[in-house]
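Number of protein chains: 2
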Amino acid sequence: MNYSNAFIPTLREVPSDAVIASHRLMFRAGLLRKLANGLFTYLPMGLRAYRKVEQIVREEMNAAGALEIKPSVVVPAELWKESGRWDSMGESMLRVKNRLDNDFVVSPTAEEAFTATVRDELSSYRQLPLTLYQINTKFRDEIRPRYGVMRGREFTMKDAYSWHANDASLDDTYQAMGQAYRRIFKRCGLSVIPVKADSGAMGGSGSEEFMVESDVGDNTLILCKKCDYAANVEKAACALDSHFRPSIEIAKGAAANTPPYEKIDTPNVKTIDELCAFLKTEPKSFIKTLIYKAVNVELDLSSAPGCEKLERTKPSADAPEVYPIAFFAVAIRGDLDVNEVKLASILKASEVTLASDADVERLTGAPVGFAGPVGLTALPLIIDSTVAGMDDAVTGALAKDLHYKHVAWGRDFEAWMIEDIRTVKAGDICPVCGGELYTKMGNELGHIFKLGYKYTKSMNVTYLDENGKSQTPTMGCYGIGVDRTLASVIEEHHDEAGIIWPVSIAPYHVIIVPIKYDGEAKTAADKLADELTKNGIEVLLDDRNERPGVKFNDADLLGIPFRVVIGDKGLAASPAQVEIKRRSEKENRNVDLDKAVAEITGKIIEELITLSRKER
Amino acid sequence: MNYSNAFIPTLREVPSDAVIASHRLMFRAGLLRKLANGLFTYLPMGLRAYRKVEQIVREEMNAAGALEIKPSVVVPAELWKESGRWDSMGESMLRVKNRLDNDFVVSPTAEEAFTATVRDELSSYRQLPLTLYQINTKFRDEIRPRYGVMRGREFTMKDAYSWHANDASLDDTYQAMGQAYRRIFKRCGLSVIPVKADSGAMGGSGSEEFMVESDVGDNTLILCKKCDYAANVEKAACALDSHFRPSIEIAKGAAANTPPYEKIDTPNVKTIDELCAFLKTEPKSFIKTLIYKAVNVELDLSSAPGCEKLERTKPSADAPEVYPIAFFAVAIRGDLDVNEVKLASILKASEVTLASDADVERLTGAPVGFAGPVGLTALPLIIDSTVAGMDDAVTGALAKDLHYKHVAWGRDFEAWMIEDIRTVKAGDICPVCGGELYTKMGNELGHIFKLGYKYTKSMNVTYLDENGKSQTPTMGCYGIGVDRTLASVIEEHHDEAGIIWPVSIAPYHVIIVPIKYDGEAKTAADKLADELTKNGIEVLLDDRNERPGVKFNDADLLGIPFRVVIGDKGLAASPAQVEIKRRSEKENRNVDLDKAVAEITGKIIEELITLSRKER
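Going down the list, the sequences are from chains A and B. Each residue of the first sequence is one higher than the last, beginning at 1 in our numbering. Each residue of the second sequence is one higher than the last, beginning at 1 in our numbering.
Accuracy of the hints is not assured; some may be wrong.
Cross-link-like lysine-lysine pairs, in silico, PhoX-like; alpha carbons within 25 angstroms at most [as the list claims (entries may be wrong)]:
1. A:Lys34 with B:Lys454
2. B:Lys348 with B:Lys196
3. B:Lys81 with A:Lys34
4. A:Lys81 with B:Lys97
5. A:Lys534 with B:Lys534
6. A:Lys97 with B:Lys97
7. A:Lys97 with B:Lys81
8. A:Lys454 with B:Lys34
9. B:Lys405 with B:Lys252
10. A:Lys196 with A:Lys454
11. B:Lys81 with B:Lys348
12. A:Lys97 with B:Lys34
13. A:Lys81 with B:Lys34
14. A:Lys34 with B:Lys97
15. B:Lys457 with A:Lys34
16. B:Lys280 with B:Lys405
17. B:Lys34 with A:Lys457
18. A:Lys581 with A:Lys522
19. A:Lys186 with A:Lys440
Honestly, the hints are just simulated from the structure, not real lab data.
Isolated chain A (complex conformation):
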């Protein structure tokens, strides 16, 4: 392809909202243009790279036994009403009415469409397991689309769904998908961090996110310096505190030397910091007690303190019984924060929030700032495991301007539940290997997830098992954002001058730059382009009448992996020579013109093979 025919509108200036490298470079290198906020047009150079990501995803899905299908992008609302998500998806789902006043959805995801398709065809266990996928347009009406295609409104997702007769079969496919994802990202030249969303102490492994490091990432990741432990901070665990007492008996023993707890006057002292200053001690010595309000609690509270009068209701016919509202006291060591995602998960609640000041006063008998575990009976007390090792702590005393000191768990108070509810932070200890944990910001590129029966039950999918009995299949889902993956390749592979494409994703493998595109240089350039093309190498030939500096700068900006410069001087040498430079390296080398084709072809093929080599 000749440069002048390739429609590559490079830019010096970039949109002011392009704050990350991939957004800037996709605009500067002429890969992308904006149609509206969060809506883009891929230009030819961008689409070539995009199609390579798509094709890698397709090849690895096929290799993993998944079959590609293509449902419509616009789907009838009826399907979303069946699954219940017509009501629960919120405003990010784009809803449309057509001329007949029927409701439709511009698909944000496709569990419903796939499940409906399979429902009508599934009859026998012999058809299972079944994994189907699409690579198709999606729409999510982001309130704040930004960072270019990293968070657009319209995007392309590879979404796969699988159906299984049992959990073992689901796990097989789940593992195969996890392997396929690792290969996909490796072939794209990406360093991903696989994050088990409910890993470590939380048990199980029904969900894994594939993250890339990003300063503007949506997720905080907790990583171990020694092992490959990686978790989203929302779910991350850490090793138990060394003070942890596994039982009340041991705790009582440990507290034997602690003086009995006693009241201390703390006038006008409300925060932990003020208390530290007042008592000349550290936050680690305090037990912080917070009152939480939880909504739609599914956990059984029939024997929980203070919950005797709570009654369960059913929010809807199909839903399980829940307590619409319940309050809980949560105690944690003074230097730590409560992880509300963990708390909600433990309570099986749809939402947890700090209680209002009035609720706190009503339930603790004291204003905010003086709650404590000793003598607290009006509501259930949940303590973080760190508290189950504290045998000489300061706590609120359930009265204004009063605290207790010398408080010991097991001796002075008991808990309704002991759980891991802390937010893990840098410096905590790895739950797997005992190494030190640190944090990174990350963006999610892919997610594999064991869905279970959510859709197959609500949408009434059944098959006949080996005994002719009707059964409901279990289900998995597996997504990858194609646009975001492409942008992440640029995030990981660029420098000041431009993009540095891996050969697997590069729009072209080689850019040939004749110093002047005429005479012998033109003949040599055309011949080289022709021979490389015959070898299956994708060549961009800079046929423009521009200064060499302009051509070199554009070649660097476009990020084509190999640059071949053809000048009269090299051609005049004996034997004739050209200059080859890898975009990723600083040095260039002179190579005999008649060996250039073989050398470049060999290097590109070698690199493609390396990227796609199966890991042991």
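Chain A is already provided as a structure; the job is to place chain B on it using the hints.
For chain B alone, coordinates are given in the frame of chain A:
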């Protein structure tokens, strides 16, 4: 691919609305399922065939120098407001409001998105000509979606757009696209009828439709038995009537022997049929005079009879001046029909309809059924060229129950315009070669069209020419319906038993059917599949535990071009044999097992080459 892993849910029953072969067979052979009216899911077998059509289109577009890009499917309404089509597109365009109450369009076509993208990048004449295309999702909210993907609501279109500095350049690309379209359809195994939409007597060639014959086609085509003349009936011309008199002088001469016209009483006679019975003659002897009401007439009527008082207005600031409403008398030979598309085109009117009874009475002084050209002065008279050769005709006499006989054009009345306004029909004479014309029903698969300046002017696209002067480029557009092309392949290639895929579109090239998939037959089948696959041949291996009859029927239904049957008897022969059958042929042949791979590979490659061979 093993059959049992391929998710091919074949059906015996098909939906009752599946009235055409492709719709029936796409459901029966497990290519397609319905999500809602006009919305479908391509299943794996369907998508494999679909992707082949898509890839053929892509290859031919690239070969013609077009560059692929990808705008979003959902685009901002602002673009459609700029072009004016937000108001003119009507209800088939799916409009959406997002959560911020902004208007969007689910693209039915993409002139606006492409033009907006090019507008921002185009600066110099050196960038022209430029041809961009996409293969992307479209939506048109059809009132009556039917015939499966032949007329769905959501569909995939290849749409290309080109920009040019001058008409010659536009014509070059237009011709290249026409050639690419011919190659695309040939490679798909389709017999298309290229129809110049304003061909023959109408002059010019700024639009060409690529039609396939279809009983349920939307278009009536007029074709010549002798030459390749083909036209949409809306625009079709035919040779002038042999009686045609090129001038009034000649007409007067021809009428010299006709008696003077005279009144005849025709009590209770209103229709041409009644009049024929009454006068014992044929419709060809009558001049039928119809009164038309035309809306927004752009044609200059300042010197037209009866139009002295008409005033022009501007419907909108940018629009040309028009007469909001005007009436015309249209005379045509009694056995012919007026073509209202031609009439509207001549008048440059947005719409023409028959006038109301009241308007007819007001303008002709007689009730409906008695209009005629003689003495008609209240409105302009347009006569079809057939009337300009009638020298002894019967006409209405502008009074109830009265007609004239012996009426001659030129002698007894003159016309404001003589035009071709007849609807051509089977048996008419070809305007090109004089052969006999016949009709077919057809479906449009593709359309190439010289757009001119419609979008570049309304959306303000400019570039600097060689003299640094700002210019507006001219534009072409070129569409192909991918789904419709795929369905048309099945329409043209099927029989009672199922589909008969051309090798270029077949989801798999070969189906291997072991009579029993175990023992030696399994070993031979696996080896054959393996070796064919290594040659790049796509193989479906029927590994199911079904009776041979079931497998053969499914192979016929699926339409895989080559079937290889492996049985114990053939394997026991010396040398071992398999049976090869082409889906398109009745006979099968025994072939040595060790020669089967070479033979099948050779035939498939030969056929792919034949289909893609360039025509001279």
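Index of numbered hints that the structure contradicts, given in increasing order: none
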